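2 protein chains.
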Amino acid sequence: MDITLSTGAAVDAANITAQLRGLDAADAVEFLNSLNADDAAVLLAALPKPRAVELLEQPELLHAAQIVALLPNDHAAHLLDAMAADRATDIFQEMDDPVYARLMGRLAPHTRRSIESLVNYPDGTAGSLMTTEFVSAPASWTIGETLAHVRRVEGSRETIYAIYVLAPLTYELLQRVTLRRLIMGELDAPLLSVAPETPPITVTPLTHREEVARLIRRHDLLAIPVVDENRQMLGIVTVDDVIDAMIEETTEDVQKFGGMQALEQPYMKIGFLSMVGKRAGWLCALFLSEMLTASAMQHFEGELDKAVVLTLFIPLIMSSGGNSGSQATSLLIRGLALGEVRLRDWWRVALRELPMGMVLGGILGVIGVVRIALWQMLGLYDYGVFWPLIALTVGASLVGIVTFGSLSGSMLPFVMQRIGFDPASASAPFVATLVDVTGLVIYFSIAIVILHGTML
Amino acid sequence: MDITLSTGAAVDAANITAQLRGLDAADAVEFLNSLNADDAAVLLAALPKPRAVELLEQPELLHAAQIVALLPNDHAAHLLDAMAADRATDIFQEMDDPVYARLMGRLAPHTRRSIESLVNYPDGTAGSLMTTEFVSAPASWTIGETLAHVRRVEGSRETIYAIYVLAPLTYELLQRVTLRRLIMGELDAPLLSVAPETPPITVTPLTHREEVARLIRRHDLLAIPVVDENRQMLGIVTVDDVIDAMIEETTEDVQKFGGMQALEQPYMKIGFLSMVGKRAGWLCALFLSEMLTASAMQHFEGELDKAVVLTLFIPLIMSSGGNSGSQATSLLIRGLALGEVRLRDWWRVALRELPMGMVLGGILGVIGVVRIALWQMLGLYDYGVFWPLIALTVGASLVGIVTFGSLSGSMLPFVMQRIGFDPASASAPFVATLVDVTGLVIYFSIAIVILHGTML
Numbered sequence: 001m002d003i004t005l006s007t008g009a010a011v012d013a014a015n016i017t018a019q020l021r022g023l024d025a026a027d028a029v030e031f032l033n034s035l036n037a038d039d040a041a042v043l044l045a046a047l048p049k050p051r052a053v054e055l056l057e058q059p060e061l062l063h064a065a066q067i068v069a070l071l072p073n074d075h076a077a078h079l080l081d082a083m084a085a086d087r088a089t090d091i092f093q094e095m096d097d098p099v100y101a102r103l104m105g106r107l108a109p110h111t112r113r114s115i116e117s118l119v120n121y122p123d124g125t126a127g128s129l130m131t132t133e134f135v136s137a138p139a140s141w142t143i144g145e146t147l148a149h150v151r152r153v154e155g156s157r158e159t160i161y162a163i164y165v166l167a168p169l170t171y172e173l174l175q176r177v178t179l180r181r182l183i184m185g186e187l188d189a190p191l192l193s194v195a196p197e198t199p200p201i202t203v204t205p206l207t208h209r210e211e212v213a214r215l216i217r218r219h220d221l222l223a224i225p226v227v228d229e230n231r232q233m234l235g236i237v238t239v240d241d242v243i244d245a246m247i248e249e250t251t252e253d254v255q256k257f258g259g260m261q262a263l264e265q266p267y268m269k270i271g272f273l274s275m276v277g278k279r280a281g282w283l284c285a286l287f288l289s290e291m292l293t294a295s296a297m298q299h300f301e302g303e304l305d306k307a308v309v310l311t312l313f314i315p316l317i318m319s320s321g322g323n324s325g326s327q328a329t330s331l332l333i334r335g336l337a338l339g340e341v342r343l344r345d346w347w348r349v350a351l352r353e354l355p356m357g358m359v360l361g362g363i364l365g366v367i368g369v370v371r372i373a374l375w376q377m378l379g380l381y382d383y384g385v386f387w388p389l390i391a392l393t394v395g396a397s398l399v400g401i402v403t404f405g406s407l408s409g410s411m412l413p414f415v416m417q418r419i420g421f422d423p424a425s426a427s428a429p430f431v432a433t434l435v436d437v438t439g440l441v442i443y444f445s446i447a448i449v450i451l452h453g454t455m456l
Numbered sequence: 001m002d003i004t005l006s007t008g009a010a011v012d013a014a015n016i017t018a019q020l021r022g023l024d025a026a027d028a029v030e031f032l033n034s035l036n037a038d039d040a041a042v043l044l045a046a047l048p049k050p051r052a053v054e055l056l057e058q059p060e061l062l063h064a065a066q067i068v069a070l071l072p073n074d075h076a077a078h079l080l081d082a083m084a085a086d087r088a089t090d091i092f093q094e095m096d097d098p099v100y101a102r103l104m105g106r107l108a109p110h111t112r113r114s115i116e117s118l119v120n121y122p123d124g125t126a127g128s129l130m131t132t133e134f135v136s137a138p139a140s141w142t143i144g145e146t147l148a149h150v151r152r153v154e155g156s157r158e159t160i161y162a163i164y165v166l167a168p169l170t171y172e173l174l175q176r177v178t179l180r181r182l183i184m185g186e187l188d189a190p191l192l193s194v195a196p197e198t199p200p201i202t203v204t205p206l207t208h209r210e211e212v213a214r215l216i217r218r219h220d221l222l223a224i225p226v227v228d229e230n231r232q233m234l235g236i237v238t239v240d241d242v243i244d245a246m247i248e249e250t251t252e253d254v255q256k257f258g259g260m261q262a263l264e265q266p267y268m269k270i271g272f273l274s275m276v277g278k279r280a281g282w283l284c285a286l287f288l289s290e291m292l293t294a295s296a297m298q299h300f301e302g303e304l305d306k307a308v309v310l311t312l313f314i315p316l317i318m319s320s321g322g323n324s325g326s327q328a329t330s331l332l333i334r335g336l337a338l339g340e341v342r343l344r345d346w347w348r349v350a351l352r353e354l355p356m357g358m359v360l361g362g363i364l365g366v367i368g369v370v371r372i373a374l375w376q377m378l379g380l381y382d383y384g385v386f387w388p389l390i391a392l393t394v395g396a397s398l399v400g401i402v403t404f405g406s407l408s409g410s411m412l413p414f415v416m417q418r419i420g421f422d423p424a425s426a427s428a429p430f431v432a433t434l435v436d437v438t439g440l441v442i443y444f445s446i447a448i449v450i451l452h453g454t455m456l
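Residue numbers (my numbering), protein chains in the order written: chain A, 1 to 456; chain B, 1 to 456.
In isolation and in its complexed conformation, chain A is listed as follows:
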């Protein structure tokens, strides 16, 4: 059979199918991503069904919803029925409303129920990551009965490496048995005989994905069960979905720390105007806040006129405050994210950053004073007759500003968390802006005290 691509080229479907079979799923997806949605849909329709399902299940496949929408209705519904429910839900969530309604109506009833129960959980929660395709068994079964059940349902479950043991009447989650322990047991022994002593770790559908990742990591799990308030199982989150979520979370955190909205799309794929939108907002907000520096300097206009030499060190002093603040913020963002530091530890951190800032500021202050003295004595620049006082002003300001930078940079992630934001929203540019305005006030105030009666 020949199929015609949008470029007008007719390609042999059997040929393409054979080619795609030789590639592993990740490479095949990369190939589909290089085509437009129409061509990808034509090729996908020509593939054997299990292969098409495998490719649609890759989260790296771009425009999956668009591709599915372009397939004949019944073919699309067949593929969606055969897919893992969590991934099918992701695809439904990206669909336009008319396509959503059209395809939802053609799904098998059990697929429809699964997807309708998954589609309503907010992004970034365990509910949005979970799949309903797990293996469960009543506590009354033997190991042999359970193994036979696992063999029967294997094809329709995302993982069979954990089997969830439910109370026979209430369907409450009692235990979690690994396939590993199961195949080691005697066939006629009761299922619960190979269960661990401790109850299984669970999450609720609204648990944040970062917490899910933390638990999976802490307990070295391959999947974690999601339960409702009656300990009825709603689904499981598997380790591969958690890794994807962690990568996405890291990308968002780094972009936010860089001072912008998270892109949510690869750098090369996002449109120019969307990119402007993601970057201009924060840039303007920071710019408007930074305007306070101009106001601060206008306030010290009299001092500036009398001692223009003071302006020479403004960039140096301000940037040191911003840099020390950025260090402290990055430390505490990670400390809070990893649970090494908790909200109630804020005062412990403050008591640590205060002397830390003073020592770091002291080191920079000494370098600053030496620099001014050197330039003056070597005749590289003439800071005037009061140069020792100017050097003292610069040195003292550095101590004050680096201390303030370290302290406010370390407290900002706590403030963010306290008022309900992600601590990772405390960006380096945000800290720098905060420290810049205060830094100028500190610098000029110290200058007024030290230079009063001489230059000012």
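Derived from the structure by calculation, the hints contain no laboratory data.
Everything numeric in this text was worked out from a predicted model, so none of it was measured.
Honestly, I wouldn't trust all of these hints.
One copy or any two copies: either way a pair holds, since identical chains are not told apart in the list.
Claimed, not checked - With a straight-line Cα cutoff of 25 Å, these simulated SDA-like cross-link-like pairs (lysine to any residue) come out:
1. K278 x I367
2. K278 x E60
3. K49 x T142
4. K306 x D382
5. K306 x E252
6. K269 x E248
7. K49 x L192
8. K278 x R348
9. K306 x D24
10. K269 x D220
11. K49 x A26
12. K306 x F386
13. K49 x I183
Given chain A's structure and the hints, the job is docking chain B onto it.
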């Protein structure tokens, strides 16, 4: 039996053991971490051996090497023999030389060989993450023979969910069969009948952990085999070790992006002086570079004296350059880390960031001009008779500096990667410093052109 803690308190070993049994491993480790190494060793010695091994295998256990060193020699060797080889290797790597030699001599020969082969791989490579405890089977076996073998060796293997199929004579890695497929097969069918069509994904012992994580994620694996140049298997890296490595990598990246050396220890645990060391180095380097701003301003001393009003906008303009640079750097660091952007794409990125910087700079420029005009017309501040020219200088400088910031911020991660560094070493403060000096030169040069013949 009573045991005496360093606090002088005598506690009942049976009691403590019972208490620790009720906790899951992660909580028990947290309890041990709250004790000093002597007490932790006393308790660990009193625990049943399988439980002690389980706790020592948790990577979250602090001072594991110290604790093991405090145990009686034979007891320590027994525990190390029973542990997963990769984790035992981690513990050996933290030991002082005399303890290392003393305990290594008492290990069972096969444990010693495993550890000696693992201990030499550099940190951050697949070799340093891998374990030698995987299940392999010759390609000549049936499914039944393989399952019997899996049951026999289960206790000594880190994972049994992937079985590696080796060529009978050369021991070359041929295929990877999952336990899932194995239990679905007929017992007398050949092992290779349940193998996938594509060859297994492998890494070498020197593959970087970031690449290992990328492959595990891309192919949704639970473990990845590590092979030498003859495709002989050296070990496997399991998904839980990869998650730990990813978290460590993210923490390092965020700390480096914040402008400091990676801490390698939790914030609350690291000593004050080590912390000063990790932060002062970069802070001083940035401070010394930033001194160029003072030199730049000294160079424009004549202009500064004539038009002090120009200094009012220095912090505003410089910080906008730094902020736009920080945005671009964070975008490209992640783009390169995720493989969305490759080294050879640098010119594509440059062609994107150039108009992006001009648009963003244009937006800020308009806001800047409006701000100056507003303040002047509302009588909030008097910028003098040439205020429209000053507003024009500020606006034009913003376009130039934000463009330069976006461009150099986006190119810095490429430069880092090109000269062999991690692109994540391009920190926000580093970009800001780079842009600050150039920003001043741009600002004053534009001022000289626009204000020539009027104020300058």
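Using 25 Å as the alpha-carbon threshold, which applies to K306 and D24: within, between, both, or neither?
-> Neither way: K306 and D24 sit 73 Å apart in one copy and 69 Å across, limit 25 Å.
Quick one: K49 to I183, C-alpha cut-off 25 Å, is that within a copy, between copies, both, or neither?
-> between (32 Å within a copy, 24 Å between copies)
From the Cα coordinates, with 25 Å as the cut-off, is the pair K306 and D382 best called within, between, both, or neither?
-> both (16 Å within a copy, 18 Å between copies)
Could you place K278 and I367 in one of the four classes (within, between, both, neither) given a Cα distance threshold of 25 Å?
-> Answer is between; shortest inter-copy Cα gap is 18 Å, intra-copy 39 Å.
Tell me, please, which holds for K278 and R348 at an alpha-carbon limit of 25 Å: within, between, both or neither?
-> between (36 Å within a copy, 20 Å between copies)
Homo-oligomer pair classification [E60, K278; C-alpha up to 25 Å] | within (22 Å within a copy, 38 Å between copies)
How would you classify K269 and D220 at a CA-CA limit of 25 Å: within, between, both, or neither?
-> Answer is between: at 24 Å across copies they meet the 25 Å cutoff, but 35 Å inside does not.
25 Å Cα threshold - placement of E248 relative to K269 | Close inside one copy (16 Å), not across copies (28 Å); limit 25 Å.
Alpha-carbon proximity between K49 and T142, which holds within one copy, between copies, both or neither at 25 Å = Result: close neither inside a copy nor across copies, 36 Å intra and 29 Å inter.
From the Cα coordinates, with 25 Å as the cut-off, is the pair K306 and E252 best called within, between, both, or neither?
-> neither (47 Å within a copy, 46 Å between copies)
Quick one: K306 to F386, C-alpha cut-off 25 Å, is that within a copy, between copies, both, or neither?
-> both (13 Å within a copy, 22 Å between copies)
Alpha-carbon proximity between K49 and L192, which holds within one copy, between copies, both or neither at 25 Å | between (38 Å within a copy, 24 Å between copies)
Against the hints set out earlier in the document, violations occur for numbers 3, 5 and 9.
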